[in-house]
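Asks: Residue-level listing of the chains:
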Amino acid sequence: MHHPGKVYRFRPYNVGRWVVWGLYAIVMLVAPLLFTSSLSLTMLSQMGIAIIACLAFNMLLGQGGMLSFGHAVYSGLGSFFAIHTLNMVSAGTLALPVSLVPVVGGLAGMAVSILLGYVTTKKAGTPFAMITLGVGELVWAMSLMFPGFFGGEGGISGNRVAGEPFLGITFGPQIQLYYLIAIYTFVCTAAMFAFTRTPLGRMLNAVRDNPERVEFVGYNTQIVRYIAFIASGFFMGISGGLAALNFEIVTAEVVSAVRSGAFLLFTFLGGAVFFFGPIIGAILMVLALVLLSELTQAWLLYLGLVFTFMVMYAPGGISSLIMMNLRVAAFGKLRPLLASYLALAGTGFVILAGSGAMIEMLYHLQLNQALGPELKFMGASLNAKDLDSWFGAAFVLAIGVALFEMTRRQFVREWGETQEWIEKEIKRREAAL
Amino acid sequence: MSAGSEFALELRDVRKSFGKTEIIRGASLQVRPGERVAVIGPNGAGKSTLFNLVSGRFGSTSGDILLAGRKIDGLKPYEINRLGLARSFQVSNLFTRLTVFENLRCAVLWSLGYRYSFWKFLADARDANDRAEEVMEMIKLHKRRDVQAMNLTYAEQRALEIGITIAGGAQVILLDEPTAGMSKSETARFVNLIREVTVGKTLLTVEHDMGVVFGLADKIAVLVYGEVIAFDTPERVRANERVQEAYLGSVLAEQQAQQAAGAH
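As they're listed, the protein sequences go chains E and Z.
Mind the numbering: the first sequence is residues 1 to 433 in this note's numbering, read in order.
Mind the numbering: the second sequence is residues 434 to 697 in this note's numbering, read in order.
If we strip away everything but chain E, and leave its shape as in the complex, we get (with noise of 0.2 Å):
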């Protein structure tokens, strides 16, 4: 019965896969080890809560090809469940120990989808992404409309120390919380990416390949759609239910349309089409909204300018960009690639230094008047009210775009050339077989 040409035998186990497990457990476990500041700690836990987030969002967007503009709805509602949890445990009325009060975040957030998704999954492709941004807008309509339940412009506050501390464990200490959401992390990232090895999820990948060939191999897209959609707000209310223990508020703006954009954005950034770019998605997520948001007051023009190449340059996102080098460097030939990407680096950041330093000036001139025209960027003084600065910035910017225009160019060449080089090797290698 087997052919003797066939190569592949199903492997049981896959070392590599340990191998990628392991290191992820590891890098979260030692994490809050090497970066020790509050800041680090706070910013590593929001950090785990995103990466669930942005994962869930990806189980729709990468795996099930549903653009969603409303699933803060689903995180935020989650939270909101989670906090009125948390504070009925601090009254005494439910004994329920904090460390699950996620999981009722998440059957929230799935409570929630399983009905706004029945609705939303009906349709697929742009009507879908319609109806989650009108389903988005009603719940954040709502949010206004029953200060009760979310707590009007003040939110819901609560204490994560609550109920019978287990093994001295009380969550009071950041360091507690962080390897609660760790954990978490960890079991919802595996549990979300064994979902695309079950029959469910491969034929979640069916349906956004091409829905009306599904429906005849004997599936319900609408089903599928739906049962994925569940998922998803399952995880989404976890993740949702954990920043609620972390921040201890929960506010209206966590079922914004801002919260939504942020998950889209950056599930994106990180790439949708390979399972783990969500994570590295989320990762930039906080470092821009913490750090990056602290550094400069342009911090989403920035966003916006980076989001705007991806999606021209590189729609597979970050991930696809490390995939495609990885593949260029398993065929040997990343070496003679790394001088462009350094001279593609370099002139890069003459374009920020020259770009950056006119966006800086004309915010100063905006928004911080009363400070005086003067201002530090990159640790040149600069005058914005002075014409040497702007000509002097512009003339970086103009060196620095028609440098990086020359190395792209070379780039483009060389990259086309390996490209073809390793298409041809394929061939070679199946011919070969």
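Please keep in mind that the hints were generated in silico from the structure rather than gathered at the bench.
Do not rely on the hints blindly, as some may be mistaken.
Taking lysine to any residue and the SDA-like style, the derived pairs with C-alpha atoms no more than 20 Å apart in a straight line are [unchecked claim]:
id : chain 1 : residue 1 : chain 2 : residue 2
1  : E       : 122       : Z       : 651
2  : Z       : 634       : Z       : 545
3  : E       : 122       : Z       : 508
4  : E       : 427       : Z       : 580
5  : Z       : 576       : E       : 220
6  : Z       : 509       : E       : 220
7  : E       : 427       : Z       : 532
8  : Z       : 576       : E       : 430
9  : E       : 427       : Z       : 634
10 : Z       : 553       : E       : 190
11 : Z       : 634       : Z       : 660
12 : Z       : 553       : E       : 187
13 : E       : 424       : Z       : 584
14 : Z       : 652       : Z       : 624
15 : E       : 123       : Z       : 511
16 : Z       : 576       : E       : 405
17 : E       : 427       : Z       : 651
18 : E       : 122       : Z       : 511
19 : E       : 427       : Z       : 490
20 : E       : 122       : Z       : 490
21 : Z       : 576       : E       : 423
22 : Z       : 573       : E       : 430
23 : Z       : 509       : Z       : 482
Since chain E is already given, all that's left is putting chain Z on it; use the hints.
Replies: The following block gives chain Z in isolation, referenced to the frame of chain E:
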């Protein structure tokens, strides 16, 4: 199956209108189990529309369609598929970003009872994996196992199209122009392939190449202006005056003329 009808597929006065235009005007057909039927007819006769009605892609306006005695008109495509009818498409309709193997595995999952399960791993689905491998060898794509469907050659995509159609083990197979756009030698190879993979099945195929039609089919259904004007063995259809008049005469004359021209 259930009703124990003597026909695998039966159409009774099926009609379909798009707006005011009636495309299918009372088509009737009775296909016995195991028969290979070629549906022929001039362009615009409604061959593809007929397939779309039978497979549930469109709903019919009136009339009955029965699969093994069971009424299937008005059912969704996936419901009809679960009752044992599978179809291929004129334009390859694949899961583009999935590999050859994954395409075939997706096509067998429902028929093997995996339904919407997310509590089992695909890796443990022995029967589904084996069946996908088996079909892959039948359609001779085993060397292209891990290539994404969108990166296959045209002929390979056509083969995968048929592979997906037959993988679920449906008893009634509809192939919509399986050899469209293929070279002569590829067509010959493909006819053999179709014959191999549909052994013991009831087969309906839309085909333009008369060589393929007469080579493959036990029976020919001639569809002209939305009506089945003849349904019989190839010899009798060839001799049928009405068919000659309406369609076959001109097609055969054309093909003979082409051959004659090609010989010079």
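Asks: For each hint, tell me whether it holds in the structure or not.
Replies: Right, here's what the structure says about each hint:
{"no.": "1", "hint": "122/E to 651/Z", "verdict": "violated, 43 Å"}
{"no.": "2", "hint": "634/Z to 545/Z", "verdict": "holds, 18 Å"}
{"no.": "3", "hint": "122/E to 508/Z", "verdict": "holds, 18 Å"}
{"no.": "4", "hint": "427/E to 580/Z", "verdict": "holds, 12 Å"}
{"no.": "5", "hint": "576/Z to 220/E", "verdict": "violated, 31 Å"}
{"no.": "6", "hint": "509/Z to 220/E", "verdict": "holds, 9 Å"}
{"no.": "7", "hint": "427/E to 532/Z", "verdict": "holds, 17 Å"}
{"no.": "8", "hint": "576/Z to 430/E", "verdict": "holds, 8 Å"}
{"no.": "9", "hint": "427/E to 634/Z", "verdict": "violated, 37 Å"}
{"no.": "10", "hint": "553/Z to 190/E", "verdict": "holds, 14 Å"}
{"no.": "11", "hint": "634/Z to 660/Z", "verdict": "violated, 25 Å"}
{"no.": "12", "hint": "553/Z to 187/E", "verdict": "holds, 17 Å"}
{"no.": "13", "hint": "424/E to 584/Z", "verdict": "holds, 14 Å"}
{"no.": "14", "hint": "652/Z to 624/Z", "verdict": "holds, 16 Å"}
{"no.": "15", "hint": "123/E to 511/Z", "verdict": "holds, 17 Å"}
{"no.": "16", "hint": "576/Z to 405/E", "verdict": "violated, 42 Å"}
{"no.": "17", "hint": "427/E to 651/Z", "verdict": "violated, 41 Å"}
{"no.": "18", "hint": "122/E to 511/Z", "verdict": "holds, 16 Å"}
{"no.": "19", "hint": "427/E to 490/Z", "verdict": "violated, 39 Å"}
{"no.": "20", "hint": "122/E to 490/Z", "verdict": "holds, 18 Å"}
{"no.": "21", "hint": "576/Z to 423/E", "verdict": "holds, 16 Å"}
{"no.": "22", "hint": "573/Z to 430/E", "verdict": "holds, 15 Å"}
{"no.": "23", "hint": "509/Z to 482/Z", "verdict": "holds, 16 Å"}
In terms of the numbered hints stated before, the structure departs from hints 1, 5, 9, 11, 16, 17 and 19, listed from lowest to highest.
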